[in-house]
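A.B. asks: The lines below spell out each chain.
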Amino acid sequence: MTPDLQSASSSGGKPSRLFEDVREGETLPEVVMPVTISLCVRDAAATHDFFPGHHDRDYAKAQNARDSYLNTMFFHGFVDRVVTDWAGPDAWIARRRLDMVVPVCIGDTMRTEARVVRRREEHGHGLVEVEVRVLTERGLGAKATLTCRLARAGASRSGSI
Amino acid sequence: MSYKPDTFLPIRFGTYEEARAWIGRKTEVRPCDDEVNWQAIKYFCALVQDGNPNYWNPDEARRRHGAIISPPGMLMVWLMPLPWRPQGKVEDAVIATLVPLPGDTLINVSTDSEYFIPMKVGDRLTVQEEVVEVAPEKNTSLGRGHFITTLATVRNQNAKVVATNRNVMFRYSAAEGAGAKPRRPQ
Numbered sequence: 001m002t003p004d005l006q007s008a009s010s011s012g013g014k015p016s017r018l019f020e021d022v023r024e025g026e027t028l029p030e031v032v033m034p035v036t037i038s039l040c041v042r043d044a045a046a047t048h049d050f051f052p053g054h055h056d057r058d059y060a061k062a063q064n065a066r067d068s069y070l071n072t073m074f075f076h077g078f079v080d081r082v083v084t085d086w087a088g089p090d091a092w093i094a095r096r097r098l099d100m101v102v103p104v105c106i107g108d109t110m111r112t113e114a115r116v117v118r119r120r121e122e123h124g125h126g127l128v129e130v131e132v133r134v135l136t137e138r139g140l141g142a143k144a145t146l147t148c149r150l151a152r153a154g155a156s157r158s159g160s161i
Numbered sequence: 001m002s003y004k005p006d007t008f009l010p011i012r013f014g015t016y017e018e019a020r021a022w023i024g025r026k027t028e029v030r031p032c033d034d035e036v037n038w039q040a041i042k043y044f045c046a047l048v049q050d051g052n053p054n055y056w057n058p059d060e061a062r063r064r065h066g067a068i069i070s071p072p073g074m075l076m077v078w079l080m081p082l083p084w085r086p087q088g089k090v091e092d093a094v095i096a097t098l099v100p101l102p103g104d105t106l107i108n109v110s111t112d113s114e115y116f117i118p119m120k121v122g123d124r125l126t127v128q129e130e131v132v133e134v135a136p137e138k139n140t141s142l143g144r145g146h147f148i149t150t151l152a153t154v155r156n157q158n159a160k161v162v163a164t165n166r167n168v169m170f171r172y173s174a175a176e177g178a179g180a181k182p183r184r185p186q
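As they're listed, the protein sequences go chains W and U. End of the first sequence sits at 161 in my numbering; the numbers just go up one at a time, nothing left out. End of the second sequence sits at 186 in my numbering; the numbers just go up one at a time, nothing left out.
Calculated directly from the structure, the hints in this document are not laboratory data. Take the hints with a grain of salt, since some may be wrong.
Said to hold, decoys possible - Calculated pairs, DSS-like style, for lysine-lysine (alpha carbon to alpha carbon, straight line, at most 25 Å):
| id | chain 1 | residue 1 | chain 2 | residue 2 |
| --- | --- | --- | --- | --- |
| 1 | U | K26 | W | K61 |
| 2 | W | K143 | W | K61 |
| 3 | U | K26 | U | K160 |
| 4 | U | K138 | W | K61 |
| 5 | U | K160 | U | K89 |
| 6 | U | K26 | W | K143 |
| 7 | U | K160 | U | K120 |
| 8 | U | K42 | U | K138 |
| 9 | U | K4 | U | K89 |
What the hints assert, rightly or not - For each label pair, taking beta carbons as the anchor points, the in silico distance ranges come out as:
| id | chain 1 | residue 1 | chain 2 | residue 2 | range |
| --- | --- | --- | --- | --- | --- |
| 10 | U | N139 | W | L140 | 14 to 22 Å |
| 11 | U | A46 | W | R115 | 24 to 32 Å |
| 12 | W | R152 | U | R62 | 21 to 29 Å |
| 13 | W | G124 | U | D6 | 48 to 56 Å |
| 14 | W | T109 | U | R85 | 32 to 40 Å |
| 15 | W | G139 | U | N139 | 15 to 23 Å |
| 16 | U | S141 | W | F50 | 46 to 54 Å |
| 17 | W | G154 | U | D92 | 20 to 28 Å |
| 18 | W | E121 | U | F116 | 33 to 41 Å |
By construction, the Cβ of each residue, glycine as well, lies at the ideal position given by its N, Cα and C atoms.
Isolated chain U (complex conformation) (with noise of 0.2 Å):
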């Protein structure tokens, strides 16, 4: 089959031990791509059919927060990088992609997110993301894979820390997954 799917995110490869040598690294500050605004919130809200007038109803939510605000599950959304744009793709946006390991594909397992001030409309948010750990290799029932942790911390225009969000990912290779074949003998 000569159909080969768009990866998103390209992933590097490299062994354990070099994935070990990235923990404790740090990205530089990112803007995120776009504000803090209400249209993309409003179809976030849509998605999940939250009704909460602090996101679809101006006046209240002034009275409340001074604006229109952010619900608290857009915080990685805000993250997301363009998947392309004129000055090329950015590549290196997502520090969990970066760190080098021998799984084909990925996916996400756990976030632990606080909130501290409000993310409002207009809001231009950056973000900042830390390698916490990379765990030793682990069987589960998708494959053979380990686990990595990030940090990501997020501010806003005024430099305040508006959250923090801290994602496991779990990064493996579905050919060794339970329900796949036995590898050949080499």
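Same shape as in the complex, but just chain W (with noise of 0.2 Å):
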């Protein structure tokens, strides 16, 4: 696509995705991340999330999950983080629905497929719904869909609401 200039340099370098340019069925790009130890030490500390089936493994084997697992916030910033990355600076996340299917657990790789299901203008504004499914070794570990809002072209400003 034609970089926008406009948005461009309203976002520090990186260009924004325009609603006018993203069609329904656009893949984004895959991110790989291996589930460690660390990443779940990581997790408790960021998040402040010290329920014993983040960080202690015997926990959660008599929780009956395989070892100990990732948290929902981990999975609300990966998720946002994929369809950021892919919209730009410029995107408004209006709405996240998260289903966590399986525990996602140490020893398991992530990796994302993620594409536009919707696009759609409502009171002038450009929405797009990404899925976002989050798949290991063992097949889905969580899905999500985003509601976001893009900026548009012509648009002298956007972001910020």
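Please dock the two separately framed chains into a single complex, following the hints provided.
C.D. replies: Here it is in structure tokens:
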């Protein structure tokens, strides 16, 4: 696509994706991340979530999980990042629905599959719905649908509301 | 084995009928422990490797939002209670843990979050939670238990609703899970 100079200047270099340039079915770049013990430690620390299932492997197994597993807030941040890495800093995440299908545990490697499932205009805003699937070697771990407001072509400034 | 794990937030025990009585109950408005702050934002972004300049670049964030903003994914982070405080541990901060049910453990299942205005560095957020639904007992691969739906409404210091979060948690007994040994007859 042609970079939009206006957005490029307002985002410090990286152009934000314009609503007009998005098509339904478009796929987003894959993100891969291994789930290590260290990642679980950083998860607990960064989300202030000290529920033992996220760091105590014996506790997690007693819960019938295979091992300690990532928490809800990790998936919020991770799927949001998948979308805004693609959409750029002018995008506003208005809604996110997240389903955690099975615990994503130490030893798993996460890989995302994301695509635009819907594109629509509402009250002059350009909205896209993006589905992000977080897969591991064992299949679907989590699934999210995000509704984002994107910058529009010709708008002098965008982003905040 | 004498080792006993720290439960972080203690859960309350009771019957499904007792749990149903909680539907519609609301918490008091609770101020969050920390104001929205850049240090916590950076640790969260480092966790998920999010380089969005709204979280890292003060000049650019100021141009767009007036200040560095919180990633939307940190909504529940700002609501997490401190694990200890001088006045004693806050044990009633998360309403889902107060709903009395038989299950001895829990796992979070799904969320539906809506974001209305940015959470900015310096914002002092408050939260009010409500129990929306407690479902009848279900069997899952983790165990047998109940799904609890709660709704959190988060406001800033100007009493504006910045976001809402609908959360579904599964309260269950792991000993009755699919992989568990059959229980002895009573």
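A.B. asks: Name the hints, by number, that the structure is in violation of.
C.D. replies: Checked against the structure, the hints that fail are numbers 1, 5, 6, 8, 16, 17 and 18, while the rest are satisfied.
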